[in-house]
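**Student:** One letter stands for each residue in the lines below.
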Amino acid sequence: MSGILRRVGEWRVGAPIADTRAPEGPIEERWDKRRFSAKLVNPANKRKLTVIVVGTGLAGGSAAATLGELGYNVKSFCYQDSPRRAHSIAAQGGINAAKNYRGDGDSVFRLFYDTVKGGDFRSRESNVYRLAQVSVNIIDQAVAQGVPFAREYGGLLDNRSFGGAQVSRTFYARGQTGQQLLLGAYQALERQVAAGTVEMHTRHEMLELIVSDGRARGIVVRDMVTGEIETHLADAVVLASGGYGNVFYLSTNAKGCNTTAIWRAHRRGAYFANPCYTQIHPTCIPVSGDYQSKLTLMSESLRNDGRVWVPLRKGDERPPAQIPEDERDYYLERIYPAFGNLVPRDIASRAAKNVCDEGRGVGPGGLGVYLDFADAIARLGREAVEKKYGNLFEMYERITGENPYEAPMRIYPAVHYTMGGLWVDYDLQSSIPGLFVVGEANFSDHGANRLGASALMQGLADGYFVLPTTVGDYLAGAGTFGQVDQDAVDEAVDRVKEKISRLLAVNGTRTADSFHRELGRIMWDYCGMERTEESLRKALERIPELREEFWNNVKVPGDPEGLNQALERAGRVADFFELAELMCVDALHRSESCGGHFRAESQDADGEALRDDDEFAYVAAWEWTPDGPVLHKEELDYEYVKMTQRSYK
Amino acid sequence: MNLTLKIWRQNGPEDRGRMVTYQVEDVSPDMSFLEMLDVLNERLTLAGEEPVAFDHDCREGICGMCGMVINGVAHGEQRATTTCQLHMRHFKDGDTVTIEPWRAAPFPVIKDLVVDRSSFDRIIQAGGFISVPTGAAPDAHSVPVPKDAADAAFDAATCIGCGACVAACPNGSASLFTAAKVTHLGLLPQGQPERASRAKAMVEQMDAEGFGGCTNTGECTAVCPKGIPLDAIARMNADYLKASK
Chain W
1 MSGILRRVGE WRVGAPIADT RAPEGPIEER WDKRRFSAKL VNPANKRKLT
51 VIVVGTGLAG GSAAATLGEL GYNVKSFCYQ DSPRRAHSIA AQGGINAAKN
101 YRGDGDSVFR LFYDTVKGGD FRSRESNVYR LAQVSVNIID QAVAQGVPFA
151 REYGGLLDNR SFGGAQVSRT FYARGQTGQQ LLLGAYQALE RQVAAGTVEM
201 HTRHEMLELI VSDGRARGIV VRDMVTGEIE THLADAVVLA SGGYGNVFYL
251 STNAKGCNTT AIWRAHRRGA YFANPCYTQI HPTCIPVSGD YQSKLTLMSE
301 SLRNDGRVWV PLRKGDERPP AQIPEDERDY YLERIYPAFG NLVPRDIASR
351 AAKNVCDEGR GVGPGGLGVY LDFADAIARL GREAVEKKYG NLFEMYERIT
401 GENPYEAPMR IYPAVHYTMG GLWVDYDLQS SIPGLFVVGE ANFSDHGANR
451 LGASALMQGL ADGYFVLPTT VGDYLAGAGT FGQVDQDAVD EAVDRVKEKI
501 SRLLAVNGTR TADSFHRELG RIMWDYCGME RTEESLRKAL ERIPELREEF
551 WNNVKVPGDP EGLNQALERA GRVADFFELA ELMCVDALHR SESCGGHFRA
601 ESQDADGEAL RDDDEFAYVA AWEWTPDGPV LHKEELDYEY VKMTQRSYK
Chain P
1001 MNLTLKIWRQ NGPEDRGRMV TYQVEDVSPD MSFLEMLDVL NERLTLAGEE
1051 PVAFDHDCRE GICGMCGMVI NGVAHGEQRA TTTCQLHMRH FKDGDTVTIE
1101 PWRAAPFPVI KDLVVDRSSF DRIIQAGGFI SVPTGAAPDA HSVPVPKDAA
1151 DAAFDAATCI GCGACVAACP NGSASLFTAA KVTHLGLLPQ GQPERASRAK
1201 AMVEQMDAEG FGGCTNTGEC TAVCPKGIPL DAIARMNADY LKASK
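Protein sequences, first through last, are from chains W and P.
In case it helps, the numbering used here puts the first sequence at residues 1 to 649.
In case it helps, the numbering used here puts the second sequence at residues 1001 to 1245.
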């Protein structure tokens, strides 16, 4: 909101930070050690302790349900009309777990290894190892809840392979795995609502964090139906509000996904880690027009049987069926023979961008590549393909009006997931004591690139298994927290009310959506799949200018009272503006390429991402200050996985 | 294409509400129905009028948040499709399209096309779960589930809780929604211990919310975006009867 224009791309370096909670010793014993050292809360005292959980996706829903089961007094919040709508519901492909039910060489260590390597050596070993360990418990829990995973004729669970892995460790429920896992968590949550341990607040949006005496002690929310501004106090606050991909306007996120909860917490002192790490998913339906409101993902599992290709020749406009085999370029199979169509997402996305930049893209505007099932249909039969991918093919046909059984799909990369998020320690606690962050909202496990089928795993690992232990350890000291400072509450409420009145008072000539679209365009063009110092500096000039215009020319109709969807959107866009700037600063300072962050200046002779481990093997945790961002570095050590240049060739 | 829209406007639960006519021009056939409404809302906002409130979120047919009655049919005439997945290529130039909210007493209108569906959450609270606290689960392979049962349970579990079944039912019944959950959990070995009590509690909650009874009209399954079959209701009734004996 500040109208002061700082010098473009300016930041300062502060003191380094450390993850002080990760135990020492052999990696396979660390989580057991931490669980044992975590203090316990007496059951009679749990009832007197209140925990707020913001967001009801896989991480928030599972956390609220589990904390309720443990006997805490839980208050759960979501902006949708029901906790079941959270965007985890849209995850299609599956969830990884190191069960090794296939006997194909999988293990906890291999899942750990694949995830650290897939994250391009920018994640923490301790966290990732724990994730791989608890992955097996997630599957047990979900099956016991009645999640209808795909099964084989013998009644045992089926698995499939997924990008970035050479073993079959992905559990799935047709193309709706996220839906089924979320409904499992939702049902567990509703069971606790009925039991009286969880108080549910739907259609409530968190707009501010209350920090009292250095601790997170509550939130300010707006009741989206009445417009009333409410405060809710607690002994600990958990943010599970998801990722910030909608900063690009067009993404595969739900329309309501936003950064406000984590951005407000950042403004109150929570460090924001690696904001520039965004995942561009390679298999999405291409943009069809200016009115486009969102992009739709086609599950990456399609790459198991679909073959990606473009015409060999530039500007070849023949229909795909008329292009003979020897005039097609199956470029992933050609460049990466070992992994072929199953290379990790960042690599597949950039390869698609490269062939389109060469003028070999297909469809309107040349921004698309083919994903072809003709071979799979010939090999397996149409019925088998339909069984595996039927709902995805239907979805494609509904959106594009084209039949993928007859002509290849057209796909193009789209913003899908944000690896960055609020900085947390091993306990998932942010730099504000008492503020915990889980799921996509934190930064912790995926490094610079997330592997397919790992988001569901992380959300549920955090919510079901990690957080309930670590929050308990924190709350064991609640006796010393003291009363919440009323001034801190009043100030937070005033900030919320002031922002709402300001937005409504501008009465300019452009809608919040039109600003959002323009911001998204800037981010996609200058801070998207490929970044350069020049593009980022350009973005850092344009964003403050546009933000300034926003605050002088936005038009938000209606009143602060009652349901006002335009006001909700405008508030979120205002926060996206601030986040966008930090993302560009982070991308600018990290002059190496790694994972989803590709700096054109840092590539090898083959055009692959070139890391600079001497300079950048750290987590960039940014502190908000009125004078601009301050960088705190957390060094990353690799004791178990040797740092190598990733190769999928 | 150009369209005439007749949209239900209601400024809050106490307002009587009325149909208001709008014109929209230059609608592209590739737009989704909600994108067409976005264009209208953008125009209304700039003209200083109140935009039309409607619920939506994922816009890929899975969250269940969107839903409107389009030309008298819940989610529109396209089969097995949510409102967000309905595209304008199914309309033609000069069409008049009426747009109304779900209408049922247990779904009170909040504003315009937005209704309160929290009654659905309360039906799930009554018993739409398997009681298994976190950490108490045996190994996932300890109980094999026949593939047919797993597949049939999955088909019922795909319900997105949008409420189209209620909006389409002449009795305003939530039987298809409730039966989908009873069927999903009742088909799995893990769901057996609570099977009878679950059906009984959920049906009773459905009645308490003010939803009507089922008379096998089948309008629900005809509009269901996920194609939940009518025989789920027979299964729910059977479980309910067993529990009531």
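By construction, these hints were calculated from the structure, which means they are not laboratory data.
The beta carbon of each residue, even a glycine, is placed where N, CA and C say it ideally should be.
Careful, some of the hints might be misleading.
Stated by the list, open to error - A partial selection of chain W residues facing chain P, derived with a Cβ cut-off under 8 angstroms: (1) ASP81; (2) GLY146; (3) GLN187; (4) ALA254; (5) THR296; (6) ARG398; (7) ILE399; (8) VAL493; (9) LYS497; (10) ASN552; (11) LYS555; (12) PRO557.
What the hints assert, rightly or not - The calculated lysine to any residue pairs, modelled on SDA-like cross-linking and capped at a C-alpha distance of 20 angstroms, are: (13) LYS387(W) - ASP1148(P); (14) LYS649(W) - VAL167(W); (15) LYS387(W) - LYS1092(P); (16) LYS1092(P) - LYS555(W); (17) LYS1147(P) - LEU156(W); (18) LYS555(W) - VAL489(W); (19) LYS46(W) - ASN73(W); (20) LYS1092(P) - MET1001(P); (21) LYS387(W) - PRO1229(P).
**Student:** All hints, please: hold or fail.
**Tutor:** Hint by hint, here is what the structure shows:
1. ASP81: holds, 6 angstroms
2. GLY146: holds, 5 angstroms
3. GLN187: holds, 4 angstroms
4. ALA254: holds, 4 angstroms
5. THR296: Holds, because the Cβ-Cβ distance from THR296(W) to chain P comes to roughly 5 angstroms (cut-off 8 angstroms).
6. ARG398: Where the cut-off is 8 angstroms and the nearest Cβ of chain P is about 5 angstroms from ARG398(W), the hint holds.
7. ILE399: holds, 7 angstroms
8. VAL493: violated, 24 angstroms
9. LYS497: With a closest approach of 22 angstroms, the LYS497(W) hint is violated.
10. ASN552: violated, 16 angstroms
11. LYS555: holds, 6 angstroms
12. PRO557: holds, 5 angstroms
13. LYS387(W) - ASP1148(P): holds, 13 angstroms
14. LYS649(W) - VAL167(W): holds, 17 angstroms
15. LYS387(W) - LYS1092(P): violated, 34 angstroms
16. LYS1092(P) - LYS555(W): Roughly 32 angstroms between the alpha carbons, so the hint for LYS1092(P) and LYS555(W) is violated.
17. LYS1147(P) - LEU156(W): holds, 8 angstroms
18. LYS555(W) - VAL489(W): Not OK: LYS555(W) and VAL489(W) at ~29 angstroms, beyond 20 angstroms, violated.
19. LYS46(W) - ASN73(W): Holds, because 7 angstroms separates the two Cα atoms, which is no more than 20 angstroms.
20. LYS1092(P) - MET1001(P): Answer holds: LYS1092(P) to MET1001(P) is near 7 angstroms, not above 20 angstroms.
21. LYS387(W) - PRO1229(P): holds, 18 angstroms
Hint compliance for this structure: hints 8, 9, 10, 15, 16, 18 are not met, and every other hint is.
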